[in-house]
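**Q** Given chain A, put chain B in place with the hints provided.
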Amino acid sequence: MQALIDGSRLMTEALVRAGADVFIGYPITPANNLYLFSGQRFKTFFAAPDEITTLQWMSGFSTAGKLPVTATSFPGFALMLESINMAYMMELPMVIVLVQRLGPATGTATCGAQGDITLLNGMLSGGYSIPVLSTSEANDCWEMAANAVKTAAELRTPVILLTSKEEVMTQFSFDMDSLKEIKAVERKYYSSDETFVPYKRDGKGVPDFLPVSNSKHQVRYTASTHNENGILEGITPGALGNTIAIHEKIESNLDSYLYYELDKADTSDTLLVSYGITANAAREAAQRLKDEGRAVSVLIAKTMLPIPDAYLNIISGYQKVIIAEENHHGLYSKLLFGAKAPANIHRVNTIGRMISPDEIIEEVKRHGN
Amino acid sequence: METKFINTNTLPFCKGCTHTTISQNTEKALQKLGKDLLDVILVTDIGCLGIIDKAFDTHTVHGLHGRSVALASGVSAGINNPDKKVIVFIGDGGATIGMQHLLDAAHNGYNMTVVVHNNMLYGMTGGQPSELTPEGFRTPTLPDGAPHKGYDICDLVATAGASYVSRIAGIGDISDQLAEAFSRDGFSLIEVMEICTSYGVKSNPGMKLKSLIQEAGIEIKVYADDQTKAYETNKKEDQPTLFSPKLGIDKEFTSQLVQAVRIFLSGTAGEGVQSGASLFVKAGMRCGLNVTKKGSYPVTVGVGFSASNIILSPEPILYTGAPRPDVIIVTSVEGLKFAQKLIDNATEDTLLIIDSSLETPTTNARLIVHHFREHFGGRYAILVGLYEYIRQSEAIPMEALHKQFLGSHMAGSEKLVKLIEEEFGL
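From first to last, the protein sequence lines are chains A and B. With the working numbering, the residue at position 309 of the first sequence is 309, and numbering never jumps. With the working numbering, the residue at position 378 of the second sequence is 1378, and numbering never jumps.
In short, the hints are calculated from the structure, not lab data. We put the beta carbon where it would ideally sit given N, CA and C, even for glycine.
Here are some chain A residues the structure puts well away from chain B; computed CB gaps all over 12 Å:
id: 1; residue: Lys200
id: 2; residue: Asp202
id: 3; residue: Glu292
id: 4; residue: Arg294
id: 5; residue: Ile307
id: 6; residue: Lys320
Calculated lysine to aspartate or glutamate pairs in the DMTMM-like style (CA-CA distance at most 20 Å, straight line):
id: 7; chain 1: A; residue 1: Lys216; chain 2: B; residue 2: Asp1083
id: 8; chain 1: B; residue 1: Lys1251; chain 2: A; residue 2: Asp175
id: 9; chain 1: A; residue 1: Lys290; chain 2: B; residue 2: Glu1315
id: 10; chain 1: B; residue 1: Lys1403; chain 2: B; residue 2: Glu1422
id: 11; chain 1: A; residue 1: Lys183; chain 2: B; residue 2: Asp1238
id: 12; chain 1: A; residue 1: Lys320; chain 2: A; residue 2: Asp266
id: 13; chain 1: A; residue 1: Lys183; chain 2: B; residue 2: Glu1237
id: 14; chain 1: B; residue 1: Lys1236; chain 2: A; residue 2: Asp21
id: 15; chain 1: A; residue 1: Lys200; chain 2: B; residue 2: Asp1057
id: 16; chain 1: A; residue 1: Lys216; chain 2: B; residue 2: Glu1002
id: 17; chain 1: B; residue 1: Lys1004; chain 2: B; residue 2: Asp1173
id: 18; chain 1: B; residue 1: Lys1210; chain 2: B; residue 2: Asp1173
id: 19; chain 1: B; residue 1: Lys1246; chain 2: A; residue 2: Asp175
id: 20; chain 1: A; residue 1: Lys43; chain 2: B; residue 2: Glu1232
id: 21; chain 1: A; residue 1: Lys200; chain 2: A; residue 2: Glu233
id: 22; chain 1: A; residue 1: Lys216; chain 2: B; residue 2: Asp1036
id: 23; chain 1: B; residue 1: Lys1028; chain 2: B; residue 2: Asp1176
id: 24; chain 1: B; residue 1: Lys1251; chain 2: A; residue 2: Asp177
id: 25; chain 1: A; residue 1: Lys43; chain 2: B; residue 2: Asp1238
id: 26; chain 1: B; residue 1: Lys1403; chain 2: B; residue 2: Glu1421
id: 27; chain 1: A; residue 1: Lys216; chain 2: B; residue 2: Asp1039
id: 28; chain 1: B; residue 1: Lys1054; chain 2: A; residue 2: Glu233
id: 29; chain 1: A; residue 1: Lys216; chain 2: B; residue 2: Asp1057
id: 30; chain 1: B; residue 1: Lys1028; chain 2: B; residue 2: Glu1002
id: 31; chain 1: A; residue 1: Lys43; chain 2: B; residue 2: Glu1237
id: 32; chain 1: B; residue 1: Lys1054; chain 2: A; residue 2: Glu228
id: 33; chain 1: B; residue 1: Lys1235; chain 2: A; residue 2: Asp21
So here's chain A without its partners, still in its complex pose:
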């Protein structure tokens, strides 16, 4: 079936089918279609009075065994930050869809951007990571949304689903039959009769889960530095060890949520790297370069954070690398290479409009592919 749809519709349907069961939202452009569709699709929908409340309600729902979702943009996300730190520390599954728009501050609500990745990289005090998955095309609004729910549940963690205005608001013709089936994630609850230790970890470093509604075992959640019993303890080895264990859980399970696309051109020494809204411009640029007999390879990052080693390994195999993203000074490039990128790393950046394939092609040719 061909239909005229947008990414918000795909994403909302995917989130529900994957097992998210509560949407809590505060309206903000350009995330409003997600709010609208969620009201029509989620079994439970709450209109929160602000974004701090949104994240707190979500956390409460999550302690009760629900898998909550919200959708926001930078101004709302900024208000959520302390509560996201809390949810991370409590190890509460949830999905936060971040629809990027032009900043700083209120910026331009109706203009897309890719300006939030460095914020996401540094949003936890201590510099720890929350999995950040990104969309790069229509089908990702389906698959990456489902992957976000799966990762949140399996690793007991908040997950950020990063997207941008054009990706969730542009309407397009789409073959609905091309979508892969999504299976609802199965939540595993602690079932033993032995005393439940709320932050005791399994082989993957993930603590067992029990909702605060259960009448069998005591459950403790705390945002403060705590030991495996969920007891606030200050800087004891047990409590600090637990803080490190949360970090290791996210890092060591990266393979379970590693998503990227690598289109290798055998004869090329040039690699295009992109993500999000710019990914399709990179794909189109590569297609046109191939038609001209100047094939290049393309890496589309979908797991944005923590940064997978795989990306740096792939990049190291090319003499020329062009990183295209819609921000002023190459934010993901900075995360990959630090303040000063090696001389063979080139950037295409814009603000206030999408990067066009022409601009990427021009940069490729400038460096003599």
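**A** Structure of chain B alone, referenced to chain A:
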């Protein structure tokens, strides 16, 4: 044997602190109500009171400063079981920073009891005043006393819709008063007045709680006592899929288009720009084409310009931008202003279809002037502009567009249908 809710004889509070009274009487109140340990979820805020968690053998949740009531709201609505008792311990500082959450929880009537430990200052950070500090009360950072009356949190939550609200002095056995609050469905709040033994006593030597309450005009009373029903979380089990078969658009026609065409529509808000664009791309889909459509308009959606970018393509569309559209259709003064830069940059390959009421711009584009507004009215100018484009380009069969139009709400106007059919020979 009575259920022991507290697992220690040494609570983590200063000697003589009323926080100890509240914790011990909470246990007593829960015992009186016959609650089981795991029927209780204790949600604590930041402050001295917040370190009580480990002493309670109930479920415990310890979050951020001021947010405990919002967190407990999610817990309560998530559990959705009024037999489970959600209790929030918060201080006057937490009630200040999270006042919105208190009002909101009372307003929604979430099942919980909030116990405000009001010792009239921030005890963990050096004794700073809160917004609940009474007038004249001195703290280490406010040696001249609070300059104005503190918020009456009881009055506020009662006004917001709480089912039960009372203020008590934290003296002696307060288990009955706590039990009264705990026994209510919906949102209840009990404010317990205390004097911080570390900072409050030192800054206000000789002051007794009872006299302070009297002098500051703080009322010890029940503020609200309604038999409110328990909150129930709304759950719609049969929400339909967003992939309704009604969204399906079947291919019925064939397009002669061999490469992508990018069209920019620019008109005035309320004049059917977005609906015309939708109708047109659906007509494109009826011809088996790939399409994209996006809208641009000011944040106040009902005034000023309204514009739409459309792409029709026989090939899959990757990049959806259109810095140089192939076709520009302009139907109003606002639309002309918004499209000016594109018109300035247009080349001889660009087709510009513009309304006859507008001043003809200087442009390299191939120009077609049409009497959209005069003959069809502003409301349909964009739609007719798209008909004109099809007449000029034959990008899709005219029948495809017309069929889509006849199936739309716009075809409700018989006059419009007649005018269009006459103009375009249908």
